[in-house]
Each structure stands twice: as C-alpha cells, then as structure tokens.
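Protein chains: 2
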Amino acid sequence: MSEDHHHRRRGRPGGGAAAGPGRAAQTRLRNPFAPQAVLSEDRIAAIHDTALRVLEELGLRVLLPEAVALFRAAGARVEADGRTVRIGREIVAAALATAPGAVRIAARDPGLAVDLAPGAMVFHSGAGCPHVSDRLRGRRPGTLDDFREAMRLIAGFDAIHLMGAAVEPQDVAPNLRHYATTLVQLETSAKVPFVYARGRAQVQDCFEMIALSAGETGLDGPRTFTVINTNSPRVLDAPMAEGIIDFARAGQPAFVTPFCLMGAMAPVTVAGALVLQHAEALAGITLSQLARAGAPVLYGAFASNVAMKSGAPAFGTPEHMRAMLVSGQLARHIGLPWRGSSGAAANMADAQGATETTLATMAAVMAGATVTVHAAGWLEGGLTFGFEKFVTDMEVLETLAALAEPLGAGPEELAFDALAEVAPGGHFFGAAHTMARYRTAFREPLVADWSNFGQWTEKGALRADERATEVWRARIAAFAPDPALEENLDAVRAFAARRTAQGGAAPPG
Amino acid sequence: MSEDHHHRRRGRPGGGAAAGPGRAAQTRLRNPFAPQAVLSEDRIAAIHDTALRVLEELGLRVLLPEAVALFRAAGARVEADGRTVRIGREIVAAALATAPGAVRIAARDPGLAVDLAPGAMVFHSGAGCPHVSDRLRGRRPGTLDDFREAMRLIAGFDAIHLMGAAVEPQDVAPNLRHYATTLVQLETSAKVPFVYARGRAQVQDCFEMIALSAGETGLDGPRTFTVINTNSPRVLDAPMAEGIIDFARAGQPAFVTPFCLMGAMAPVTVAGALVLQHAEALAGITLSQLARAGAPVLYGAFASNVAMKSGAPAFGTPEHMRAMLVSGQLARHIGLPWRGSSGAAANMADAQGATETTLATMAAVMAGATVTVHAAGWLEGGLTFGFEKFVTDMEVLETLAALAEPLGAGPEELAFDALAEVAPGGHFFGAAHTMARYRTAFREPLVADWSNFGQWTEKGALRADERATEVWRARIAAFAPDPALEENLDAVRAFAARRTAQGGAAPPG
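These protein sequence lines map, in sequence, to chains S and Z. Sequence positions in the first sequence follow this note's numbering and run 1 to 509. Sequence positions in the second sequence follow this note's numbering and run 1 to 509.
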C-alpha cells in the first residue's frame with residue numbers, strides 16, 4: 001500500500017458553492033434509522049393531554065402585551081393581571097392544523113438549502129456560548145475573532161448544515177453585535193445563517209441583511225431561523241414572544257425550545273418535564289400561528305436532568321436520552337418537524353465529553369430529530385465553545401453522515417467472485433475486488449489515530465484532544481471564502497454601516 | 001441541598017449473591033430499542049443465499065479430521081486433500097432447524113443466570129488482551145495478578161453480565177493457565193465464567209472445575225461459554241473445530257464468531273465481508289449441531305474495516321456499525337441469539353476511545369445484539385485491556401442499563417399537581433413532587449464530573465481518564481469476595497492441584 005491509498009472524503013474547507021469529495025453525500029442527509037418509541041401511544045396522548053390541561057387550567061405568563069392580545073383575540077382567557085393567559089385546547093388544535101409539517105430553508109447556494117421535514121437528519125453546532133476555549137489560547141470570553149474562526153470551522157464541515165451563534169462576541173457592543181455576526185456568517189459560508197431573537201429592531205435588521213445578501217429587498221421565503229427558549233416554568237418573556245411573532249410574520253422558522261431541567265425548572269420526572277416542555281412549546285407554536293397562520297415553526301426539545309446536589313445541568317444521561325426519545329414521539333404526535341439537543345457537561349474534550357455528546361447525539365438521531373442542535377463543540381453545558389471538542393464531535397457526525405449513505409448489497413458488493421479468488425487462509429489486500437474499491441471503500445477518520453501503540457508512542461502519544469488542535473488550526477489556516485459569497489455583500493455592508501451610523505439597535509432590557 | 005442528596009445507584013463491589021442498589025435493574029436487561037433494519041429483507045436473503053453458495057461451491061478448509069468426518073457423514077463433499085469441505089445448503093438448513101433460539105446459562109447465584117434470548121441485552125467486557133494498562137503502572141504484558149484485578153472489577157459492575165478472559169496471564173505456564181483463570185473467576189464472582197477452547201484436555205478440565213463449583217460432578221446444562229473465532233477466510237482450525245464439538249457435546253454455548261476485517265481477511269465491501277462472516281458462522285453452527293443436535297450455539301458477528309495504508313483494524317467506524325446492524329438482521333433471519341462486538345482502536349481512554357466504543361456499543365444495541373462483547377476496557381483493537389478505559393466505558397453501559405428500566409408515565413410522573421404548585425418563573429427544587437423523588441430520580445455518574453469550570457479547575461482540572469484511575473483503584477481496594485463463593489471451591493482447588501501434579505494440559509500446537 002502506498003501513501004496515495006489514503007483518500008480523504010472530506011468537504012472543502014472553503015465551504016462555498018462547488019461540490020467537493022463527499023459533498024453530495026453529507027449535505028442532504030436522511031436519517032438511516034427508524035424512529036424509536038419508548039412510550040406507548042396512549043402515554044404519548046396522556047402527555048399531550050396533560051400539557052393541554054396545563055395551558056387551559058394553569059396558563060402561561062406572557063410578558064408581551066402584543067402576544068397577550070393575539071391569544072385573547074383567539075379566545076384565550078386573560079387574567080386581570082393582563083399577562084396570565086389560559087389557552088383552550090381548541091386554540092392549540094387550530095394552530096397545529098395550520099403549522100406546516102415540513103419547511104425548506106433556502107440558501108444562497110441551492111445545494112445548501114435545508115429541508116426540515118420528516119426523515120431529514122440536520123446537524124447544528126454548539127451554540128450560544130459566552131466563552132470559547134482551545135488548547136493554544138485557553139478559555140476566554142468570546143470575541144468577534146473567535147466567532148469568525150468558529151464560523152470558518154463550521155463552514156468547512158459538510159456534515160454541519162446550518163450556521164449558528166457558536167460564540168458570543170463580547171467585544172462588540174450589544175447594539176451593533178447583530179450586524180457583525182450576520183455579516184461574518186454571510187462572508188464565510190452560503191449555508192443558512194442564524195438570527196437571534198433579541199428585539200424587533202435587531203431582527204428586522206438581520207432579515208434585511210439576509211435579503212440583501214440574496215439580492216432581494218425582502219425575504220420571499222424561509223432563509224434563516226432562530227431558537228426561542230421559553231423561561232421555564234410557564235413564562236414567555238417579551239423578546240421571545242416578539243421573536244415568535246416577528247419570525248412568523250416574516251415566514252422564517254423559529255425552533256420553539258423550552259429548556260426543561262428536571263428537578264430544577266421542571267418536574268423531577270422525565271414525564272413531568274416533558275409535560276412542561278410540551279405545554280410551553282405548544283404555547284409558542286400557537287402564538288406563531290396566531291401571528292401568521294401557516295408560518296413555519298419547529299417543535300423544540302431540550303429536557304435533561306441536573307445534579308441534585310449542585311443543580312448543575314447534565315447531558316448524555318439516561319434522563320436526557322429518554323426525554324429526547326419521547327420528544328420525538330410527541331413531535332410526531334403533533335406532526336411537526338422538531339429540534340433535538342445534544343451537548344455535554346464536560347469541561348474539556350476528554351472521554352467524558354465524547355461519551356456525553358455521542359450518547360446525546362445518538363439519542364437525537366434514534367428519536368428522529370429533524371435537526372440536532374449543540375451536536376459539536378458544546379462544553380460546560382453551553383458556557384464554552386471548544387474548538388477541540390468541535391473536532392472530536394465532528395468524528396461522530398461524519399460517521400453518522402456516512403451511515404446515511406446507501407449501503408450497496410448487490411451482486412458486486414456481495415463479492416462471490418472475490419471470495420472464490422482468495423484461497424482459504426489467504427487475504428484480500430491484492431484481490432481485484434479490493435483494488436477496484438479501496439480508495440473510497442472506507443471513511444477516513446478525522447482525528448482518530450489508528451496507529452499501533454508503538455507508532456503512536458513514537459509520534460508523542462498524543463491524546464485525541466491534542467491531535468484535534470492541529471485539525472482545527474489547519475482547517476482555519478486553509479480557509480478561503482468562496483468569491484461568489486461576495487456577490488451582494490457590498491449592499492449588506494452599506495446597510496449595516498448606515499444602521500450603525502444611526503446608532504444601531506439595542507437589544508431589549 | 002445537602003450532601004446526602006447524592007445517592008449512588010451502583011452495585012456492590014463484592015459481586016456476590018445479595019442484591020445491592022440497582023442490582024435488580026442491571027442484571028436482567030431487556031433491550032429498550034427496536035432492532036434496526038438497514039437492508040431490505042430480499043438483500044438479507046441474498047447475503048444468506050450467497051453464504052450458502054460459498055459453503056456449497058467454494059467450501060471451507062477444516063483442519064480437524066473429526067470435524068471433517070462429521071461433515072462427511074452429514075453428506076458434505078470432502079476433497080481428496082481430506083480437508084476441503086463443501087457443505088450443501090440442506091445440511092445447513094437441518095442444523096438451523098435444531099439450533100435453539102434461546103439459551104439460559106445458569107450461574108451459582110440464580111439471580112445471575114444469563115438469558116441469551118431475543119430482546120435480551122447482555123454485556124461482556126473487553127476480552128483476550130495480551131497486555132494490560134493503567135495510568136499508575138503503564139502498559140505491560142498481562143499477569144495473573146492483572147487478570148485477578150480485572151475479574152474483581154468486572155465482578156463489581158452489575159451491568160457486566162458475564163465473566164471473561166479480559167487479560168492473558170502470561171506469567172502462568174500455558175499448560176496450567178486454564179486452572180488459574182478458571183479458579184480466579186470462580187473465587188471472584190458467581191457470574192457465569194468463561195472458558196477458552198484451547199484443546200480438548202483444557203476444555204474438559206475447565207468443565208470439571210465449573211461442575212465442581214456448582215457441587216456437581218458433570219455439567220447438567222449450560223454453565224459456561226466460549227468464543228470460537230474462525231480463521232477468515234474460510235479456515236476452521238483444529239482447536240476451534242474441536243472447541244465447537246466439545247462445547248456442543250457438553251451442552252455449553254459457543255459464540256461462533258468470524259473476525260472479518262474488510263479489505264484484509266475479508267472482502268472490502270460491507271456486504272462481501274458479511275457473506276464471509278455468515279458462511280463461516282453457519283459452518284461452525286452446523287458443526288455444533290452435527291456434534292449434538294440441539295446444542296446451544298450463538299451466531300457471532302465481528303466485521304470491521306482496516307486502514308488501507310497500514311492494515312490496522314478500526315472500530316466504531318461506519319463500516320463496523322453497518323456490519324453490526326446487518327448482522328442483527330442476519331441473526332434474526334436464521335433465528336439464533338447472537339453476539340455483537342464493540343471495541344476501540346484507540347491507544348488510551350481519550351475522546352477517540354470513548355467515541356469508538358460508544359458508537360460501536362450503540363450500533364450493537366440498535367442491532368439487537370443478544371450479547372455485546374468488548375463493551376468495556378478494550379484498547380488497541382484488543383491488544384490491551386485498559387483499566388481506565390474499562391471505567392469510562394462502564395459509564396455507557398450503566399447509562400444503557402438505566403435506559404432499559406421502565407419509564408413511568410402515569411399520573412404521578414406526569415406531575416400535573418407539581419406543575420400547579422410551582423408558579424410561573426419559580427422552581428421545582430423544593431416541590432413536594434421533587435422532594436419525594438430526588439434521591440433516586442437520576443442515575444448518578446460513575447466517572448463524569450458535572451462540576452462547573454471553576455470547581456473543576458480547583459480540583460486539578462482532571463481528565464476523565466485521570467479520574468477513572470481513582471474509580472478502579474477504589475473498586476479493587478474495596479473488593480471483598482462473597483464468602484458463599486467458597487462453598488465448593490476446595491474440591492475445585494483439589495482437582496486443579498491433582499491435574500497440575502499430573503502435568504496439566506498443554507494447549508495444542
């Protein structure tokens with residue numbers, strides 16, 4: 001075997017429009033597994049029904065008068081406090097009847113459009129981290145440079161299908177931050193960009209920038225997405241409610257995702273936490289449909305447990321996995337695409353971090369999650385985006401992407417002739433069947449080292465997280481944005497400059 | 001929250017007969033997932049049919065005259081060389097008709113009996129490693145002391161259901177080694193012991209020791225098991241053939257497991273490697289039934305790929321996972337319980353090792369493997385048993401054991417009253433529903449550290465593999481064998497002493 005037997009089936013680091021090796025295989029993934037059912041249909045119906053009771057009998061505290069008015073107009077009962085809203089099940093049912101069962105988000109490169117539809121397997125990196133860490137520079141508050149590097153990493157991996165808010169750029173003023181993060185996403189990749197719901201003014205700014213990047217003056221269909229976290233238990237705050245309304249009216253999908261930590265902000269039982277998750281998600285989904293019937297919206301699932309002593313959240317636990325598996329059943333029960341959640345509590349990319357994220361991602365995939373968020377790079381329960389962790393997690397996502405490819409089992413793959421060619425006790429290294437296929441037969445690892453102990457020791461006995469440093473460094477160093485990405489960006493930059501001169505848009509509160 | 005909120009749901013380190021916390025939940029596991037199908041039924045039938053063609057048209061080289069005679073007597077065609085055996089499909093079909101679809105292996109503690117039956121989820125540690133490693137003593141050739149420590153570790157984890165040959169005790173002479181390993185297993189745990197098929201004399205010695213340990217003079221039913229590896233491609237050597245015959249005649253289950261490395265000793269395609277695996281496994285299963293119709297026997301699956309440049313085997317890859325998933329379909333096609341295989345190529349318990357083993361174990365579980373071998377502690381593709389790796393892998397197996405427990409979703413777990421008790425924006429820490437359940441609501445981690453970054457740093461910023469050292473040390477230090485295990489061991493020791501005085505039993509060739 002010679003060196004050229006190594007063939008890397010990775011995408012190009014540039015992340016532009018052209019296809020690279022493996023590109024077609026990783027951009028549109030179908031989940032290779034049948035979704036699992038861990039509860040019987042009557043128990044799923046019972047969770048759904050109990051969630052409806054929560055909305056009807058206990059209600060939700062809604063902190064945006066405009067949202068309260070929408071609920072009231074639909075027939076919900078509003079308490080004298082003007083914010084406790086009790087939502088009848090017929091209102092929810094009407095909303096579920098208009099919410100679409102599938103959403104396509106267009107990208108500037110048509111090949112990078114994302115279908116949020118049953119059977120799809122979409123991956124999203126770790127997101128929302130105030131800190132960033134890597135072995136060279138340590139753990140630190142995120143900056144725009146870190147955000148840019150994270151976007152370049154994400155752009156270069158075809159098995160990550162959406163851009164995202166990996167790292168919070170804390171060195172950019174809050175009233176201008178959204179211009180910077182949106183522009184960097186648009187400069188870096190043609191993948192679908194992410195927008196935070198941080199107040200109407202910021203959201204409208206971002207919509208305008210994304211429309212301009214597509215050569216349009218307004219959004220003519222889904223081109224971005226956001227994540228809406230309710231404030232469990234049973235609070236929908238003003239920015240989140242406004243985000244749901246604004247995204248719905250603009251026809252952009254929101255992932256309505258209660259973050260239900262069992263024993264803390266949610267009941268201590270998996271089923272109880274899911275009742276709360278389901279109630280809050282249904283309330284948000286209902287609000288989206290009241291803002292605009294037929295608006296794209298995703299069911300969001302993120303329930304896990306906490307350490308009862310410290311209250312620290314945990315991920316990849318049996319409780320997290322079970323909650324995800326049942327969430328898939330609940331999402332199918334209401335007929336919506338849905339977002340599952342991976343993640344890790346680990347503080348570094350060690351065996352704990354790998355175990356937690358691998359188990360959580362596998363649970364999301366087995367649950368049939370349409371999109372799995374926090375699937376790469378999420379450390380410390382989301383407080384830190386780890387560059388090495390991103391790389392070690394990508395090994396899992398690329399493995400799943402390879403599993404999603406069709407498995408050939410026709411006469412050629414069954415290899416009877418090759419079996420006849422090799423004598424008992426022989427080997428297949430030089431068989432014609434092998435020679436014709438060895439270059440592409442197997443996925444090459446990203447960071448795994450298959451050397452034997454002696455070779456590995458000679459090379460310095462490096463751990464996977466140590467080797468991962470070189471992987472992300474090389475990826476970022478080799479990054480070259482596709483020139484085609486620049487096509488409409490002058491208009492985007494001009495818009496951002498004008499709005500900056502006007503003072504930007506401060507986030508609420 | 002006070003310290004006593006921490007409740008460890010682990011089994012006792014002693015591993016004796018009495019139940020400990022979590023014991024009942026982890027000893028008899030049902031697979032919580034529906035087995036996955038990655039190929040259509042007609043493609044499974046095509047693999048089965050092509051394997052039959054391999055046996056009929058190409059044949060197998062069988063290096064034990066006694067086995068050749070059994071095949072010949074059943075109607076197989078034997079070449080003039082006296083060892084190339086072509087096995088007609090009717091001979092295979094007759095064998096599959098008599099091989100039992102479920103096997104119960106009795107243990108000295110009835111609660112530790114193992115059911116190898118559809119839907120069971122049995123875990124087995126890493127096995128067959130010539131070397132052993134840990135962070136305190138480094139990597140070294142295995143000794144009997146290492147073997148004893150590995151058995152004490154295995155004994156103490158209820159989610160490992162079978163004893164095994166974790167480490168090869170190279171300091172014991174080969175003609176006496178089986179006395180030592182069998183005795184240590186019997187002294188350490190009431191779990192089902194493992195026996196190597198290393199020649200008739202050794203096997204009969206081990207059977208006798210196990211019978212004596214149960215207070216019997218002969219084996220009255222399954223009480224042990226072995227693993228039979230064919231020599232791919234298409235060779236069944238003398239000790240393995242003899243092992244199949246001897247285990248079948250004694251009514252003890254053999255796991256007939258070809259080790260098919262795609263591109264090396266097997267075709268480069270997943271489907272081709274599975275044709276070879278299936279042909280060789282069917283040959284071994286057929287031999288078992290020719291030796292004794294109705295003998296317990298398991299289908300064994302262990303196909304993975306190699307690095308094409310170096311020939312090094314890889315684990316937890318897409319090819320390994322796919323081969324396992326299809327193997328489950330093949331085992332169900334022939335109606336036998338089956339052995340799947342986890343493992344890792346990693347050289348230490350880092351993120352690579354955790355990713356490889358977690359993915360491989362998940363594939364085995366999703367494939368519906370009756371027993372998953374090499375599920376904890378296997379490093380370097382089986383060259384080394386790692387104590388830290390064993391601990392980090394046990395986090396996965398204990399998580400899966402927790403997933404196998406029933407998930408409550410009745411009115412109490414749905415927690416409507418708790419949801420009514422906690423106001424919007426409140427928390428559930430002090431809720432009555434939480435207080436009644438917090439001690440046992442969540443699985444406690446084994447080696448994962450959920451501390452925040454500051455606390456973790458103050459404690460020394462230890463990686464999971466570093467923390468794992470303390471876990472295995474504490475387990476082994478706390479080990480106290482159940483006095484009940486000694487009941488019949490004087491007779492066992494007397495037998496071994498007598499056989500030792502007679503010169504022991506050398507393994508073949």
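Careful, some of the hints might be misleading.
Heads up, the list lumps identical chains together, so a pair's fine if it works in one copy or across two of them.
To be verified - Within a straight-line C-alpha distance of at most 25 Å, the following computed SDA-like cross-link-like pairs (lysine to any residue) qualify:
#1 K459 to G138
#2 K459 to P411
#3 K309 to E486
#4 K459 to R137
#5 K309 to V471
#6 K459 to G119
#7 K309 to Q204
#8 K459 to V471
#9 K309 to A106
#10 K459 to D237
#11 K309 to L136
#12 K459 to A484
These aren't lab readings, by the way, just hints derived from the structure by calculation.
Now for the hints, and whether the structure bears them out:
1. In this assembly of identical chains, K459 and G138 lie within 25 Å of each other by CA distance both inside one copy and across copies; the values are 24 Å within and 17 Å between.
2. For the homomeric pair K459 and P411, neither the shortest alpha-carbon distance inside one copy (42 Å) nor that between copies (58 Å) is at most 25 Å.
3. In the homo-oligomer, the alpha carbons of K309 and E486 never lie at most 25 Å apart, since the shortest distance is 52 Å inside one protomer and 41 Å across protomers.
4. When the C-alpha separation of K459 and R137 is checked against a cutoff of 25 Å, the pair qualifies both within a copy, at 23 Å, and between copies, at 21 Å.
5. For the identical chains of this complex, K309 and V471 are inter-copy neighbours only, at 20 Å across copies versus 38 Å inside a copy, given an alpha-carbon limit of 25 Å.
6. Neither within a single protomer nor between protomers do K459 and G119 lie at most 25 Å apart by alpha-carbon distance, with minima of 43 Å and 44 Å respectively.
7. Taking the closest pair of Cα atoms, K309 and Q204 never come within 25 Å of each other, the shortest separation being 43 Å inside a single copy and 53 Å across copies.
8. Taking the shortest Cα distances, K459 and V471 sit within 25 Å of each other inside one copy (16 Å), while across copies they are farther apart (29 Å).
9. Neither within a single protomer nor between protomers do K309 and A106 lie at most 25 Å apart by alpha-carbon distance, with minima of 45 Å and 41 Å respectively.
10. When the C-alpha separation of K459 and D237 is checked against a cutoff of 25 Å, the pair qualifies neither within a copy, at 54 Å, nor between copies, at 38 Å.
11. Proximity of K309 to L136 under the C-alpha cut-off of 25 Å is found in neither arrangement, the shortest distances being 33 Å within a copy and 31 Å between copies.
12. Neither within a single protomer nor between protomers do K459 and A484 lie at most 25 Å apart by alpha-carbon distance, with minima of 40 Å and 50 Å respectively.
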